[in-house]
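Undergrad: The task is simple: from the sequences and hints, build the whole structure.
Position 197 of the sequence shown, counted from 1, bears residue number 177 in the working numbering, the numbering being contiguous throughout.
There's no promise every hint is true.
Below, a list of computed lysine-lysine pairs in the PhoX-like style, where the Cα atoms sit at most 25 angstroms apart [what the hints assert, rightly or not]:
#1 K99 x K189
#2 K132 x K147
#3 K132 x K40
#4 K99 x K113
#5 K189 x K132
#6 K40 x K50
#7 K94 x K146
#8 K112 x K146
#9 K189 x K147
#10 K132 x K146
#11 K94 x K112
#12 K112 x K43
#13 K113 x K47
#14 K50 x K6
#15 K173 x K189
#16 K47 x K6
#17 K175 x K113
#18 K173 x K99
#19 K94 x K173
#20 K147 x K112
#21 K6 x K147
#22 K40 x K94
#23 K175 x K132
#24 K113 x K94
#25 K6 x K146
#26 K173 x K132
#27 K132 x K112
#28 K173 x K146
The hints are simulated quantities; they were obtained by calculation from the structure and are not laboratory data.
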Amino acid sequence: MTKILILFSLAAVPLVCGFAGDLGRKVVVTGAAGRTGKLVFSLLTESPEFDAVGLVRTEKSAKRVMKEVKCGLDHVIVSDVTQLSSNAENGIPRGLNGAEAMIICTSAVPYISKLSVIKAMMNIPVNVLSGKKALNPRDFRFRFRPDQYPEKVDYLGQVTQIDLAKKLGIRHVVVVSSMGGTNSENFLNSIGKDKNGDGNGDILLWKRKAERYLTEVSAHCLMLPCEAGTKMIHAERICLAVLKRIDCHSIEWAPVHYHPPWWTC
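TA: Spelled out as structure tokens, the structure:
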């Protein structure tokens, strides 16, 4: 899934979309157990300029992240973003106070239907004999776990995180989203739906709706489409966005080799 970064400042500081400066600034990375989130969390943990805290959904994920990133228990917080509440004190995870930035890497994760795999394998002989591709990726069906579908995670979950950041006084937020949010026909939007188009899908559309919410709560934002590269390159770009001074007129990406076009709003 291609990535787009949306950076915005919650502070009433003209043109500022990122920050640079003192050592040990606290940064919260949500979705730290995911592929992109874990890379971002790891890179920030290795940097002496930041005090990185990772937010994960389960204790199992927390143990895995601590082992792979090699961080202490005090740097990992277990909290389900779909259960967060920015309106209740008991709904705010401990360990977030004092953070100056939040990087949101949460996303609904689809799982392939084993039955669809079996059906696709059984269709291989027929497809070959009829001159078609042996395997058609669109024959595979995907689903989301209960209460972990796009609307709840990619939209409502992100909105709650943004509201929480505002309540905690976190001045800078980076949201990792996806390209294709304006294309309702994108294949990724079909994930989670049945053949009739019913179900909990439209992941890109929900991400786009969350993006629009960001522009409503932020007077200054910066959109950086990253259309190519590996997960590590995406993670490096995200971290560089936090490490460098970013304003609405100049961006320094080095040593990343891909320089995307940019828009300001």
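Undergrad: It remains to establish, for every hint, whether it holds in the given structure.
TA: Quick rundown of the hints versus the structure:
1. K99 x K189: Measuring from Cα to Cα gives roughly 35 angstroms; hence the hint is violated.
2. K132 x K147: holds, 21 angstroms
3. K132 x K40: It holds: about 21 angstroms lies between the C-alpha atoms, which stays within 25 angstroms.
4. K99 x K113: Roughly 15 angstroms separates the two Cα atoms, so the pair holds.
5. K189 x K132: holds, 12 angstroms
6. K40 x K50: Holds, at about 15 angstroms.
7. K94 x K146: violated, 42 angstroms
8. K112 x K146: violated, 53 angstroms
9. K189 x K147: holds, 21 angstroms
10. K132 x K146: Within the cut-off at roughly 20 angstroms; holds.
11. K94 x K112: holds, 22 angstroms
12. K112 x K43: Roughly 45 angstroms between the alpha carbons, so the hint for K112 and K43 is violated.
13. K113 x K47: violated, 42 angstroms
14. K50 x K6: Answer holds: K50 to K6 is near 18 angstroms, not above 25 angstroms.
15. K173 x K189: Between K173 and K189 the Cα gap is close to 19 angstroms, so the pair holds against 25 angstroms.
16. K47 x K6: The given pair, whose Cα atoms are some 21 angstroms apart, holds under the 25 angstroms limit.
17. K175 x K113: holds, 20 angstroms
18. K173 x K99: Measuring from Cα to Cα gives roughly 17 angstroms; hence the hint holds.
19. K94 x K173: holds, 15 angstroms
20. K147 x K112: Roughly 56 angstroms between the alpha carbons, so the hint for K147 and K112 is violated.
21. K6 x K147: The hint holds at about 16 angstroms.
22. K40 x K94: holds, 24 angstroms
23. K175 x K132: holds, 22 angstroms
24. K113 x K94: With a Cα-Cα distance of about 20 angstroms, the restraint between K113 and K94 holds, given a limit of 25 angstroms.
25. K6 x K146: holds, 15 angstroms
26. K173 x K132: Roughly 15 angstroms between the alpha carbons, so the hint for K173 and K132 holds.
27. K132 x K112: Violated - the C-alpha atoms of K112 and K132 are around 38 angstroms apart, more than 25 angstroms.
28. K173 x K146: Violated: K173 and K146 sit about 34 angstroms apart, past 25 angstroms.
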